[in-house]
Amino acid sequence: MTTGDVKRRTRRSRTRRPTQGAGSIEPELAELIERNLPLVKHIVFQVAVHFPRHVDRDELARAGALGLVEAARRYDEARGVPFERFAAQRIRGAILDAVRAADWAPRSVRNLARKLEAAEQRLATQLGRVPSADEMAEALGMTRSELGRLQDRMFRSVVLALEHEAVDEVDKDLSLVDVLVDEQCAEPSDELEARELHGYLRDAISLLPERHRIVIVGYFLEGRTSQELADFLGVTESRVSQLRSESLIMLKEGIEAQYRGDTPDPCEVTGRVARRKATYAKGIAEASRFADRMVAFTVVESDAPAVVGL
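Under this note's numbering, think of the first position of the sequence shown as 75, with each following residue one higher.
Below 30 Å or equal to it, Euclidean Cα-Cα: the simulated BS3-like pairs (lysine-lysine) are: (1) Lys326 to Lys115; (2) Lys326 to Lys189; (3) Lys189 to Lys356; (4) Lys351 to Lys326; (5) Lys356 to Lys326.
Hints listed in this document are in silico derivations from the structure and should not be mistaken for laboratory results.
Working from the sequences, and respecting the hints, build out all of it.
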């Protein structure tokens with residue numbers, strides 16, 4: 075996505091907004107907007123790490139500012155939701171909508187995901203187990219670091235797609251970061267923490283049970299419909315929806331455990347469900363080291379189609 079793409083999308087979003095009162099914002103609204111402008115900058119800083127460096131942060135800020143204005147106009151204090159929280163979701167949504175409209179995740183990324191998935195399934199059939207990263211790299215004719223960069227490109231797309239998904243039935247506008255990180259945990263507000271969160275998410279998705287992983291990758295990355303996934307898995311659409319909800323809960327709880335630092339030993343917990351959760355959280359903790367998570371998040375500058383040798 076180029077700077078021009080975002081500018082054009084932002085202009086179009088302006089022209090689609092109601093013109094009534096556009097030049098005469100009430101003083102109270104103007105003051106509310108001005109007081110919360112730093113929130114726009116903060117959210118841009120949070121979400122900008124998800125995008126290639128050529129995406130203009132100033133344009134993201136402009137889209138976010140439009141979201142802030144919209145939030146100020148729509149805010150209803152009687153609902154009991156703090157304005158900062160309400161506005162944060164509108165700001166983040168406006169930014170992500172602008173990026174999505176510009177189609178940041180190209181078709182090449184979707185094709186890459188399908189090819190990597192097919193290669194993994196072939197190897198799993200041959201080996202009778204999940205292939206290692208080295209085995210995947212060898213089968214694809216590339217180095218492990220090259221495979222890591224391609225996988226990172228995919229998972230950054232997953233993160234972008236997941237940003238508006240929530241498992242909280244009360245607040246449908248929670249972002250992935252809101253869902254994954256407990257309020258009492260360290261908020262991933264700087265680049266290093268955001269990198270670590272992405273690393274955890276990448277490991278967590280790869281460790282999901284097969285059907286759950288197929289639904290998450292298929293729905294969010296490959297753009298498949300619930301019906302397509304249902305046909306592929308041989309289940310109903312309602313079951314696909316259930317698998318998606320279960321997957322998001324697993325991702326949330328598994329990653330929260332990493333931030334709390336209280337991952338229990340599966341051998342020391344009782345109950346099948348608790349043991350399964352503990353095993354999953356432990357798997358995420360052991361999947362990679364901190365240094366690996368930092369390296370895995372390296373931004374790929376080029377959006378050119380990737381060659382994977384298939």
